[in-house]
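J.: Single-letter residue listing:
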Amino acid sequence: MSAAASAGVDRSQLPPLRRVPRFRFPEVTKSTLANGLGVWTAHHDEVPLTEFLLVVRHGAASDPVGQEGLAAFTTDMLDEGTGALSAIDVSEQLARVGAQLGVDIGADAILIGVSSLTRFAERALRLVADIVVQPSLREEDFERVRRQRLNRLVQLRDMPGAIAERAFVRLLFGDAPYGHTPLGREASLGSVTVHDIRAFHKRTFRPSEATLIAVGDSGHGEICRLAESAFGGWTGGEPPPDRRSAPLPTPARLNVVPRAGSPQSELRIGHVAVSRTTPDYHALVAANMVLGGQYVSRVNLNLRAEKGITYGVRTAFEFRRFPGPFVLSVSVDKAATALAISESMREISEIREARPVSASELAVGIAALTRGYAKNFETCDQLARAVAQMALFDLPDDFYTEFVPCIEALTPDEVTEAAARHLEPSRLTTLVVGDVDGGSQEFDRLGLGTPELVSPDSI
Amino acid sequence: MLLHEAHGCPIVAVNIWYHVGSKNETPGHTGFAHLFEHLMFEGSQHHDSGFFQPLQAAGASLNGSTNADRTNYWEVVPASALELALWMESDRMGYLLPALTDQKFVNQRDVVLNERRQNYENRPYGLASMAMLATLFPDDHPYHWTTIGEIADLKAARVDEAHEFFRRYYHPANASIALAGDFESDAALSLVRAYFEAIAPGPAVEPVRRDVSLDADRRIFLEDRVELPRLYVAWLTPAMFAPGDAELDLATDLLSHGKTSRLYRRLVYEDRIATDVSASQSSREVSSFVQISATAAPGHSLPELYDAIAEEIAKLAVEGPTDVEIERGRVQAETQFVQRLQTVGGFGGKSDQLNAYNTYLGRPDYFSEDLGRYASVTHESLQTTVKRCLHDARRVALSIVPTGRLDLAMPESAPVVVS
Chain A
1456 MSAAASAGVD RSQLPPLRRV PRFRFPEVTK STLANGLGVW TAHHDEVPLT
1506 EFLLVVRHGA ASDPVGQEGL AAFTTDMLDE GTGALSAIDV SEQLARVGAQ
1556 LGVDIGADAI LIGVSSLTRF AERALRLVAD IVVQPSLREE DFERVRRQRL
1606 NRLVQLRDMP GAIAERAFVR LLFGDAPYGH TPLGREASLG SVTVHDIRAF
1656 HKRTFRPSEA TLIAVGDSGH GEICRLAESA FGGWTGGEPP PDRRSAPLPT
1706 PARLNVVPRA GSPQSELRIG HVAVSRTTPD YHALVAANMV LGGQYVSRVN
1756 LNLRAEKGIT YGVRTAFEFR RFPGPFVLSV SVDKAATALA ISESMREISE
1806 IREARPVSAS ELAVGIAALT RGYAKNFETC DQLARAVAQM ALFDLPDDFY
1856 TEFVPCIEAL TPDEVTEAAA RHLEPSRLTT LVVGDVDGGS QEFDRLGLGT
1906 PELVSPDSI
Chain B
2 MLLHEAHGCP IVAVNIWYHV GSKNETPGHT GFAHLFEHLM FEGSQHHDSG
52 FFQPLQAAGA SLNGSTNADR TNYWEVVPAS ALELALWMES DRMGYLLPAL
102 TDQKFVNQRD VVLNERRQNY ENRPYGLASM AMLATLFPDD HPYHWTTIGE
152 IADLKAARVD EAHEFFRRYY HPANASIALA GDFESDAALS LVRAYFEAIA
202 PGPAVEPVRR DVSLDADRRI FLEDRVELPR LYVAWLTPAM FAPGDAELDL
252 ATDLLSHGKT SRLYRRLVYE DRIATDVSAS QSSREVSSFV QISATAAPGH
302 SLPELYDAIA EEIAKLAVEG PTDVEIERGR VQAETQFVQR LQTVGGFGGK
352 SDQLNAYNTY LGRPDYFSED LGRYASVTHE SLQTTVKRCL HDARRVALSI
402 VPTGRLDLAM PESAPVVVS
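From first to last, the protein sequence lines stand for chains A and B. Mind the numbering: the first sequence is residues 1456 to 1914 in our numbering, read in order. Mind the numbering: the second sequence is residues 2 to 420 in our numbering, read in order.
Note that these hints are calculated values from the structure, not bench results. Just so you know, not all the hints are guaranteed correct.
Stated by the list, open to error - Restraint-style ranges between C-beta atoms, simulated for each label pair: (1) A:G1716 - B:V160: 53 to 61 Å; (2) A:S1486 - B:A174: 51 to 59 Å; (3) B:E165 - A:G1716: 54 to 62 Å; (4) A:E1863 - B:G9: 21 to 29 Å; (5) B:E6 - A:V1558: 35 to 43 Å; (6) A:G1674 - B:E6: 20 to 28 Å; (7) B:D218 - A:G1716: 54 to 62 Å; (8) B:D141 - A:S1467: 41 to 49 Å; (9) A:L1908 - B:G300: 54 to 62 Å; (10) B:G405 - A:D1500: 22 to 30 Å; (11) B:P304 - A:V1558: 31 to 39 Å.
Stated by the list, open to error - For lysine-lysine, the following DSSO-like pairs were computed, each having C-alpha atoms within a straight-line distance of at most 30 Å: (12) B:K260 - B:K388; (13) B:K156 - A:K1762; (14) B:K260 - A:K1657; (15) A:K1762 - B:K260; (16) A:K1789 - B:K388; (17) A:K1789 - B:K260.
Claimed, not checked - Covered stretches of chain B, as calculated for chain A (at least 3 residues, CB under 8 Å): (18) 50-60; (19) 164-178; (20) 270-280; (21) 395-402.
Glycine residues also receive a C-beta, built at the ideal position from the N, C-alpha and C atoms.
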């Protein structure tokens, strides 16, 4: 350590970890307009920006059977015009105040966000209110947008990751609400009419089902005034019908979407797991960090760092209102496909019992989740999206402030037990998108039975 | 060494730029700068194991990236872990080689080959950038190849070249450090001195300079596993921060940003001949380029797209932008600049911007002047720049067509080989 000594700093050991101050989420102030629209604000005055995020508590899971893609299609139609304004006019009005409209369709929610310099916030919000409350939903725009969305589906056929995602949710959920991605399918998009769009808009976009979140350098009173002036006249239609229901399918253990000539295999391994409301939430977040939620996770160290067969692998519990998937995602060198499957399944299986979460692994996972927690709440957008989660899943006001203490209190046993409760190796379904011979000896040795061929067209 | 205090969030960003990128490579050795970036995460003399582990355990997020001009590394840490980040960064700047073994080298080369397959070879239209760069820039130009490099070069790379590369480019004289966030400047500066001052500067790195021009239109095509053909049209444009650079950023915005933009409106909204269109400038140190790409809607052809794009460019070159477009461009630029100020670290955060200005211009305080470049664009300056730079006889047109459908390429296109 001669170099270390001459440098005047101690390189014989890393500096010790020092205490991190307790994180406190900004106060969220809540009001409700007379029409039922929630207005939630958080103050953030680092820069003169204001972000609005309208959260509607229905998403792609509310698509009726046979009309998969309706929620996203309807939302896509909102900025196609309102009142006398065409789609081009709407875009022009937003652009002139430098406002960026962003739309996200999830399984359980539609998020419509707009961010602008605070001096333009009122104009930006008014425009968003106009397109949400009174979109034109014109027939001619509808046909153009439908063609664009069908073209998008055509292009997704080129993308192995997208093929895998779409095929995998179909395998896990079938016709149940989470069995399709928001874009929907060719047949369902083809059969939707503009009347379906108008009806969906009417029953879904209702003030009592929505929350307007604002984060920026304005006060709560000012935001409420803007919200009242923009959304005060919004009334809703009839409430949506009950959630569709269908039994979950029992997929084959090994499924292959053939893709000749593919240099990489795109893999998904998982099963339907658990909902956001589970009391095991924090324990599962920690378990996932150890298993596949960070660079130094078990699966990434195994497949990337040790074996060098992938650029990266990750696992996730997708926490939703109803049980969502647990899924491992990885793209691997074609020649290593069977190896990647067996190693992934081994890791998922072993964390439950054979190789329980160790104290040191948990410490790393907890540190990664907690010590840098504050950096998740640096921008208006990050804060607004965090508040949106509160609105969406009815999280308590102190959820983010209490997150760190809750995670820190976890023990290795609790985390291992949660993993054991919610990971079921015998139920894992594997999907391969790639140029592989699923009938080969290598695949035979996986013991997953005869691979089921999935045609990309059936997705 | 740049310091910027920002006390809004109890975090600190550490950001280091090494002024080396794929432009410093030579033919036969492409992909090396990026491969080397991977090696920087594999341990150094006093911490000879993964770079991620101790930092993630301290709550850091971290990453690095390589482009044609530079390689950057960053950590965002809780304020109390600043010293750890400096320890780690200084150890790999000062003491990497004793820990850089052949085994690590070979392993990371395999990871990079995986990255290449995943992000280029197995991605639709993923080889477009290779074909375009190889045609815009001559064989021996430093922008002729992509950052990921050629497969044969990667396979031929050796660990001793990595040692040589490190000695040449990874030292204080070729680096810039920026800290931004919740710290006191005096204390932070003392820490940086303690950890970095003893590291010896290496040899000065000569700037890469190389004039380049296209003297004629070039047309090329590439087959790929895609459903819909796509057209790319590109022009060489002035270097980053040179006169005309800001004008072309605004020009590409008004051409393709949002539904109100000229090309979206024409190709997607009105004529409906394209499923999507985008235009952007890749601003680089030696020479930039503007690229427009559009995917043909089913039933429509690349020549239709080509003609429509050419017409819109010609119109902009003759008539210039409208007053509304200029005003819109300015407001959007202001908004984007303010948005970039929201984060202290990461790609594009304040510490990254400080290093960009410092590395490229030697002017870390250039932010306001940079915004001023966009505020001072006029109708006339934008029009003349478009006329001069997006010239109708000095373009490269790349057609990417479904395998076996050469008939869908632009007429008179030559095949292009990418490895």
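J.: Each of the hints needs a verdict: does it hold here or not?
T.: Okay, the hints, checked on the actual structure:
1. A:G1716 - B:V160: 53 to 61 Å: The hint (53 to 61 Å, Cβ to Cβ) is violated, given that G1716 (chain A) and V160 (chain B) are roughly 33 Å apart.
2. A:S1486 - B:A174: 51 to 59 Å: Distance hint for S1486 (chain A), A174 (chain B) holds at roughly 58 Å.
3. B:E165 - A:G1716: 54 to 62 Å: Check failed, 37 Å falls outside 54 to 62 Å.
4. A:E1863 - B:G9: 21 to 29 Å: holds (24 Å)
5. B:E6 - A:V1558: 35 to 43 Å: Because 37 Å falls inside the window, the suggested range holds.
6. A:G1674 - B:E6: 20 to 28 Å: holds (27 Å)
7. B:D218 - A:G1716: 54 to 62 Å: Violated - the Cβ-Cβ distance for D218 (chain B) and G1716 (chain A), about 32 Å, lies outside 54 to 62 Å.
8. B:D141 - A:S1467: 41 to 49 Å: With a Cβ separation near 47 Å, D141 (chain B) and S1467 (chain A) satisfy 41 to 49 Å, so the hint holds.
9. A:L1908 - B:G300: 54 to 62 Å: violated (31 Å)
10. B:G405 - A:D1500: 22 to 30 Å: Violated - the Cβ-Cβ distance for G405 (chain B) and D1500 (chain A), about 59 Å, lies outside 22 to 30 Å.
11. B:P304 - A:V1558: 31 to 39 Å: holds (34 Å)
12. B:K260 - B:K388: holds (24 Å)
13. B:K156 - A:K1762: With a Cα-Cα distance of about 17 Å, the restraint between K156 (chain B) and K1762 (chain A) holds, given a limit of 30 Å.
14. B:K260 - A:K1657: holds (25 Å)
15. A:K1762 - B:K260: violated (46 Å)
16. A:K1789 - B:K388: Violated. K1789 (chain A) to K388 (chain B) sits at ~48 Å, over the 30 Å cutoff.
17. A:K1789 - B:K260: Not OK: K1789 (chain A) and K260 (chain B) at ~40 Å, beyond 30 Å, violated.
18. 50-60: holds (count 8)
19. 164-178: Not satisfied, violated; 0 residues make the cut.
20. 270-280: Since 3 is at least three, the answer is holds.
21. 395-402: violated (count 0)
The structure shown violates the earlier hints numbered 1, 3, 7, 9, 10, 15, 16, 17, 19, 21.
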